[in-house]
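Visitor: Sequence:
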Amino acid sequence: MTYTWLYAVAPADTGAPPPDTPGGVAGEHPRTIGAGGLLAVVGSVPGPDFDADALQRRLRDPQWLEPAVRAHHRVVSATAGRALPVRFGTVYRDDDRVRALLTAHADAFRTALARVADRTEWGVKAHLDQARLDQARTETEAATGTGGPPDDDRPGTAYLLRRRAARDRDARDLADAAARARQVHLALTGLADHSTEHPPQPPEATGVRDPMLLNGAYLVHRSREAGFARAVRGLREQHAPVLRLELTGPWPPYSFVDLPTGDGAP
0 MTYTWLYAVA PADTGAPPPD TPGGVAGEHP RTIGAGGLLA VVGSVPGPDF DADALQRRLR
60 DPQWLEPAVR AHHRVVSATA GRALPVRFGT VYRDDDRVRA LLTAHADAFR TALARVADRT
120 EWGVKAHLDQ ARLDQARTET EAATGTGGPP DDDRPGTAYL LRRRAARDRD ARDLADAAAR
180 ARQVHLALTG LADHSTEHPP QPPEATGVRD PMLLNGAYLV HRSREAGFAR AVRGLREQHA
240 PVLRLELTGP WPPYSFVDLP TGDGAP
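At position 121 of the sequence shown the residue is numbered 120 (numbering that gives the first Met the number 0), and the sequence of numbers has no breaks.
It is worth saying that the hints were derived from the structure and are not from the lab. Be aware that a few hints might be false.
[Claimed, not checked] Here are the simulated distance ranges between beta carbons:
id: 1; residue 1: Thr188; residue 2: Pro259; range: 21 to 29 Å
id: 2; residue 1: Thr110; residue 2: Pro61; range: 30 to 38 Å
id: 3; residue 1: Gly46; residue 2: Asp133; range: 52 to 60 Å
id: 4; residue 1: Glu196; residue 2: Arg229; range: 19 to 27 Å
id: 5; residue 1: Ala53; residue 2: Ala174; range: 44 to 52 Å
The structure displayed is predicted, hence computed values, not measured ones. By construction, the Cβ of each residue, glycine as well, lies at the ideal position given by its N, Cα and C atoms.
Hey, can you work out the whole structure from these sequences and the hints?
Guide: Below is the structure:
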């Protein structure tokens, strides 16, 4: 018994995945199902490993989850530019359920396809760059002979003044960095067809101690990708050393597709 894992939805003239398409989440070769003038890029996965309970267990298993997410992304990327990426973990009991999905929601799929046609997603993250900011401040203070709290000869007072000055400085740095991150997002939004912001990721997820102040996604037409990348480089220079900007992409437009998934999961 097998279930049907859904990777993407594409126009009917996209054709079958080429033979060298990477294997899917179960190592299977992707294939297509046609209905409603559309094609679904799918894979056959073993039922006992991908029924509702088994899938929930797998989603909590990092050793399975990480390579499976990469496999899903590789299949989606092989059809990028002409397909709508489907959320990871979308599984149907059989091919007929997928055909019914395509038929019932054909208009919604075609509208979404038109929205992302010839466009890719780019991600921009902005972190407070505390180390470079502190270094720049130290160099400026050394050159000008300024810096440090007022002198005070009372025992312990100098220490308390230094602590308070450091807290005030950190608060100002964070507020300045947040305002700059907002400027970056607004500038990039003006260059993209669509944009959205995801919640900032915590240090535990990124491995970066400095706070993330922007986790933006931008839908950019392929003809403007080079200009978008140049704009990010310019903003990186403009806001250094306060912000550290990270550009990733191009990706399939995951952040700009909200597809109906119907009812048919195992």
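Visitor: Please go over all the hints and tell whether each is borne out by the structure.
Guide: Against the structure, the hints come out as follows:
1. Thr188 - Pro259: 21 to 29 Å: holds (27 Å)
2. Thr110 - Pro61: 30 to 38 Å: holds (36 Å)
3. Gly46 - Asp133: 52 to 60 Å: holds (56 Å)
4. Glu196 - Arg229: 19 to 27 Å: Cβ of Glu196 to Cβ of Arg229: about 22 Å, so the range 19 to 27 Å holds.
5. Ala53 - Ala174: 44 to 52 Å: With a Cβ separation near 48 Å, Ala53 and Ala174 satisfy 44 to 52 Å, so the hint holds.
In summary, this structure violates none of the numbered hints.
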